[in-house]
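Student: If you want the building blocks of each chain, they are given just below.
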Amino acid sequence: MKNQIEKYFDRLWPINRSLTGDGNRETLKILSEIVKSLEIQEIPSGTKCFDWTVPPEWKIKEAWIRNSRGEKIIDFAENNLHVIGYSTPINKKINLEELKSITKTLPEQPGLIPYVTSYYKERYGFCMSHNQLESLKEDTYHIFIDSQLDYDGSMTIGDAVLKGESKKEILLSTYICHPSMASNELSGPLVTSFLYNELLKIKNRKYTYRFLFLPETIGSICYLSMYGDNLKQKLIAGYVVTCIGDNGNFTYKKSRMGNSLADRASELVLKQSEKNYNIIDFFPMGSDERQYCSPGFNLPVGSLMRTMYGIYPEYHTSGDNKDFINFEALENSIKKYLDIFKVIEYNFKYINKMPYCEPQLGKRGLYPTMGGKGLKKIIEGTMWLLNQSDGKNDLIDIANKSNVNYNILIDNIDKLLKSGILIKGNSNF
Amino acid sequence: MKNQIEKYFDRLWPINRSLTGDGNRETLKILSEIVKSLEIQEIPSGTKCFDWTVPPEWKIKEAWIRNSRGEKIIDFAENNLHVIGYSTPINKKINLEELKSITKTLPEQPGLIPYVTSYYKERYGFCMSHNQLESLKEDTYHIFIDSQLDYDGSMTIGDAVLKGESKKEILLSTYICHPSMASNELSGPLVTSFLYNELLKIKNRKYTYRFLFLPETIGSICYLSMYGDNLKQKLIAGYVVTCIGDNGNFTYKKSRMGNSLADRASELVLKQSEKNYNIIDFFPMGSDERQYCSPGFNLPVGSLMRTMYGIYPEYHTSGDNKDFINFEALENSIKKYLDIFKVIEYNFKYINKMPYCEPQLGKRGLYPTMGGKGLKKIIEGTMWLLNQSDGKNDLIDIANKSNVNYNILIDNIDKLLKSGILIKGNSNF
Amino acid sequence: MKNQIEKYFDRLWPINRSLTGDGNRETLKILSEIVKSLEIQEIPSGTKCFDWTVPPEWKIKEAWIRNSRGEKIIDFAENNLHVIGYSTPINKKINLEELKSITKTLPEQPGLIPYVTSYYKERYGFCMSHNQLESLKEDTYHIFIDSQLDYDGSMTIGDAVLKGESKKEILLSTYICHPSMASNELSGPLVTSFLYNELLKIKNRKYTYRFLFLPETIGSICYLSMYGDNLKQKLIAGYVVTCIGDNGNFTYKKSRMGNSLADRASELVLKQSEKNYNIIDFFPMGSDERQYCSPGFNLPVGSLMRTMYGIYPEYHTSGDNKDFINFEALENSIKKYLDIFKVIEYNFKYINKMPYCEPQLGKRGLYPTMGGKGLKKIIEGTMWLLNQSDGKNDLIDIANKSNVNYNILIDNIDKLLKSGILIKGNSNF
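Chains as they are written, first to last, in this note's numbering: chain A, 2 to 430; chain B, 2 to 430; chain C, 2 to 430.
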């Protein structure tokens, strides 16, 4: 799978994504090769979404700075970080001092270009490495941005659904608004799309899975203003998929609820499958979980990441590029999300129909016929399930109390369901 | 007391106990010298108990293996571990390879004989030390077991009651089915019997005490199938008495409830009287707490042990013998159980009848008449009892909050009850 | 402020305070220069208060011991600790052995004079340093105490109120019964009085503040017997002010409730403003919190101290003197109490009126217009308040969850209230 992921990465990398614009349309078109049922929706600029308004569409064709010898010192065509996102058009000759006043750099990371946007205040500007800016001499610079803020444009979003036995939904939400960013952008849409593909292969999915591709903040606010009530009714667990492509340990940021099914399943899987990982309580900064977990919605949405935004020095710079991520790690991130879904799909409060003393497992082939030392390991999954399946404990509770691995418990559940000793009880929804 | 315990140990040690049989009858007869009111009951083979059936009675007279020179290389009369429990009869000459296929050893503890049973699948077999098996040469071996599985036999259990003021019961349950095992068998019946004797001496026992001597698993399942409803109504605390004879630190395994009176009293006593001890959450392996704490019963039954089954290398081998245990430790185990019962008997939610400010203790002789330094230690038990006796906190709560030793609190309770400042409130039952 | 505190300290230090007497009257008269609205009340000796009786008034004019050469070896006029509190009159010549039998010393702190009282048993006696007692030779000693236990006297207490918008009250209770003690006496009345002065300067106090100056134990019992029901209705938080004058770290002793507003506000302020501090669970020894937190009242009264009574070796000795305390520390203690009151006054469950997704803060000037790195710190107070203000979390909850300093949160609350996004919800009373 990792080679295929890499191919898509290479195609998506150079495209200029933003809140709006053709780059976003092209990105969704490419992803729909994987996410077959992706539905693309256009929301007109000016649309009201709660306290917000969909901004004009940003259209940009060309941008550069030339020195007096006509040499391009930076070119948007080479790296789309060179222009501040949502820059208005300009065509002007300026001196070095003026250039400095409209150029953002990172003095503490002098080799990297920063990623800067100005969505809601009209301005123009450029970004470059601090080293480059320092090397510039007094000169006349020609700055040129051929862009437009089109108030008759629209914002593009993508939505796909994989139906399951139940109408209850599991949500994966990712964003498509950062230009050339690797972990803090493309890891999200890529993991989300390939998860679609993997889930498609699983028969008898219990739950319905929803996949959202949105520009960050305004996209999720807009989606929630249209479909928030639907999510409130159906959502049992959700994840904002971002920053999931590097080599770092997994990080799980909890939903605002703190003990939602999304949280409990993720924590169990990380605890039982990873040596080192981080669990972080919800905080109201970060990505679109800010909107899903706003107090009016308070949805069960967390975020399984690797190294979190804001933590790594390459974050929001040109350093968050292909070298920073790892396609094997990306593939393992997909597997980790699948493991979490497996736990959620099996997470019932089972009921032991033979609750008075233990059933005689030996005559059912579920217990060794000879007693001696070392019995414990073989049978502990079964014994825990029988003892705890009183209709009050679900799979996650039992895995946490027993420290028996969820995969072993799931195998034992299948056997005990087949023998008729266990039946499925409530799933909490 | 410890010399008397040792005498009984020596008489009980050589007897062959199993799920059924004359060894069990003889064991109960000897114990009834101490437990005067012991009632012995025979449950016919074939009796249905929930999902289980009482097995045929195992009768064994003689068993050995002879080499071609007629020498007995092992003899059941010398060590009853040499025969797999519930072995069917056999009388046959076999070669070394065949002998190996029916003989259990412990390659990693080559000097010890394992303890092995096959209650529910008919087979025969022998146990010996791995060293002995390795030393055997190619030869013709005569194997002989004079045993019978008698389907008209019965299983023998013992039940004794010491009545108290209340019909509410405290249960001690121990097993009598392992042959020559010291800590993992005889420590249990011996501590249980001598506890009977000690409790008999206490006047005004508040609660009724019940003492059960049962073969493990099938015995408790059978007892619960007959009297489980009675226990469910009356039991306030219970303990499975096993593995309580060695020099190790105390280990308390909690009941499934996790905060039952049995658990709270044991934890308090260990915390306030022992430097090193272990508290273990309930897990559904182990001894008869598996049945008492099955989800249909969920009784408040834990287990105060020293070194737990499965933990020590001598467990279920010939190494769990008289050398492994210590009669002074056994006597102290009895005292520890008595301390727990003392806490339970005093565990009321007392009510302070003078709850507005402090009563003037000085004029009642309960407070020093001169104020200065160092008052705290003298009066803290009294002060805690007065402050916390609002009908919501019981003795155990107050001891835990205050860190004042339960013996000091109990003395102060007696004084404050006498003065009329405290009265007895609810005992929670 | 600290110089002014020191001046009052020097005036109050030499006065002989006890449960009753002119020393207490003089102390309250001096304090009423600061606490303008202080009302002084006389409770006649013999008055019944719950289980207690107001003792006779202790009047003492003069006391000394002279040796046979007529030299005063100790003199009450020099240090009022030399006489056991409430000593009855005596005028007698005795030998050294008799002198020793009526003299208290501290053999383990031989240079210090102990502080000893005998309020409820009539006796007389002296205190001196152990070194002095050891140096005395066989001689005839003239002991003289010119005192009286006046059954027609009275006990003097002081009570002041600063009214706020609400009738709900915050209580400060301190004691005035120890003679020349610095941290364990005068730090209390001084901090309490200067807090009165500081609170007086604050406009729009939400709550009413009550200041009590009482002899310890009998004073608070007497006050509660008269006004306890009033406190029960109105009190939202209270503090016993004592041992707050030394250089030690702050110590907060919780109310019996353990999570009262008094406790939560103090813990938050210490956690967010101090590197090292102690939080201690309630225990029913100590000062007047014993009475306020007796089970019949169970008021939300804790105690913010520095080094607690009983902990420091100078406690209840002549070593607890001006050298032991620090006037800068005293001033900081006052500021710490004021910070706690600030938190209490702002402690509402605010309600976000725009709970669906985030409001667009940028257009209100509450969010930077350019996106990039390092946004988090600037806006996290606001983001936490918006996310958590669902009517279930109060300021203290949000400060604890977010680790954002309460001062920043309070600033942000003011801005968000002004913008109309937040409104005040419940204050829990």
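Keep in mind that the hints were calculated from the coordinates and are not lab data.
It cannot be assumed that every hint is accurate.
Where chains are identical, the list cannot tell them apart; a pair therefore holds if satisfied intra-copy or between any two copies.
Computed cross-link-like contacts, EDC-like style, restricted to lysine to aspartate or glutamate with a CA-CA straight-line distance of at most 20 Å [to be verified]:
(1) K138 to D11
(2) K419 to D140
(3) K207 to E135
(4) K354 to D52
(5) K425 to D391
(6) K393 to D282
(7) K60 to D151
(8) K105 to D11
(9) K138 to E40
(10) K105 to E43
(11) K350 to E381
(12) K354 to D230
(13) K169 to E329
(14) K233 to D391
(15) K425 to E99
(16) K168 to E27
(17) K49 to D151
(18) K416 to D52
Just so you know, these numbers come straight off a predicted model, no measurement behind them.
Student: If a hint holds in the structure, say so; if it does not, say that too.
Tutor: Hints and how they fare:
no. : hint         : result
1   : K138 to D11  : neither (36 Å within a copy, 72 Å between copies)
2   : K419 to D140 : neither (81 Å within a copy, 49 Å between copies)
3   : K207 to E135 : neither (59 Å within a copy, 57 Å between copies)
4   : K354 to D52  : between (53 Å within a copy, 11 Å between copies)
5   : K425 to D391 : within (11 Å within a copy, 36 Å between copies)
6   : K393 to D282 : between (26 Å within a copy, 18 Å between copies)
7   : K60 to D151  : within (7 Å within a copy, 93 Å between copies)
8   : K105 to D11  : neither (27 Å within a copy, 63 Å between copies)
9   : K138 to E40  : neither (51 Å within a copy, 79 Å between copies)
10  : K105 to E43  : neither (32 Å within a copy, 75 Å between copies)
11  : K350 to E381 : within (18 Å within a copy, 39 Å between copies)
12  : K354 to D230 : between (38 Å within a copy, 18 Å between copies)
13  : K169 to E329 : neither (32 Å within a copy, 63 Å between copies)
14  : K233 to D391 : between (29 Å within a copy, 17 Å between copies)
15  : K425 to E99  : neither (70 Å within a copy, 47 Å between copies)
16  : K168 to E27  : neither (31 Å within a copy, 65 Å between copies)
17  : K49 to D151  : within (16 Å within a copy, 83 Å between copies)
18  : K416 to D52  : between (53 Å within a copy, 18 Å between copies)
Comparing the model with each numbered hint stated earlier shows that hints 1, 2, 3, 8, 9, 10, 13, 15, 16 do not hold.
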